[in-house]
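Each residue of the sequence shown is one higher than the one before, counting from 2 in the numbering used here.
Any given hint could be a false lead.
Here are the in silico distance ranges between beta carbons for each label pair [stated by the list, open to error]: (1) ARG183 to ASP160: 20 to 26 Å; (2) ASP126 to GLY182: 17 to 23 Å; (3) SER195 to PRO66: 16 to 22 Å; (4) PHE58 to GLU95: 32 to 38 Å; (5) ASP67 to GLU95: 39 to 45 Å.
If you're looking for bench data, these hints aren't it; they were derived computationally from the structure.
Using N, Cα and C, we set each Cβ at its ideal position, and we do this for glycine too.
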Amino acid sequence: MYLGGDGHDRRPLRIGVGGPVGSGKTALVAALCLTLGTEFDLAVVTNDIYTTEDADFLRHNAVLPDDRIEAVQTGCCPHTAIRDDISANLDAVELLERRHPGLDLLFIESGGDNLTATFSYGLVDAQVFVLDVAGGDKVPRKGGPGVTSADLLVVNKTDLAPLVGADLGVMDHDAAAVRGGRRTVFLSLREDPSAAPVASWVRDRVTERLAAQPPTVSAP
């Protein structure tokens with residue numbers, strides 16, 4: 002972790018973004034970078050098994066300067082690299098923190114995984130789990146640690162609900178039943194490219210962290 006010149010911990014808020022393959026994690030991260038990039042100093046770590054596809058997507062769409070995006074090729078099951086052996090991700094995180102010592106916020110996007118995927122709290126401070134309605138309205142009630150324990154559950158691609166016969170009311174009810182009061186938001190990036198409800202939640206978390214940090218002390 003980066004320590005500021007006054008010796009205080011200046012580590013940014015780290016938010017993990019997980020969810021199944023195709024749920025829209027990378028598109029959500031891209032939207033958040035574009036929405037929050039003018040407010041906060043931020044960077045991204047992506048995870049893919051054998052490629053750098055997600056990092057390439059973010060760079061191609063110019064959501065951040067290239068040197069603020071690092072790719073991890075896990076070579077293994079995605080949850081292993083975010084929960085069981087986080088060393089490769091920590092290396093990427095610490096590289097970005099050294100390169101950009103003023104970071105406020107760092108997203109760590111997992112490779113696509115199943116409903117059991119969670120991040121180690123040695124790697125992240127908060128977790129966002131992304132589902133999409135194309136999987137059917139039964140998915141939230143299936144639970145799994147990703148669904149039940151994430152700090153924020155995002156039900157994505159709500160514009161597809163009429164096409165796949167998914168009942169958003171059922172998904173909302175079932176998510177509330179298994180999440181113990183943790184927040185769930187519904188999102189269509191096609192209709193809301195700014196990802197407003199997720200951006201608002203992230204903004205509140207970053208603001209809370211910045212307010213809790215000790216003030217910088219100038220060197221004598």
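Verification of the supplied hints:
1. ARG183 to ASP160: 20 to 26 Å: With a Cβ separation near 24 Å, ARG183 and ASP160 satisfy 20 to 26 Å, so the hint holds.
2. ASP126 to GLY182: 17 to 23 Å: holds (19 Å)
3. SER195 to PRO66: 16 to 22 Å: holds (20 Å)
4. PHE58 to GLU95: 32 to 38 Å: violated (24 Å)
5. ASP67 to GLU95: 39 to 45 Å: violated (18 Å)
Comparing the model with each earlier hint shows violations of hints 4, 5; every other hint is respected.
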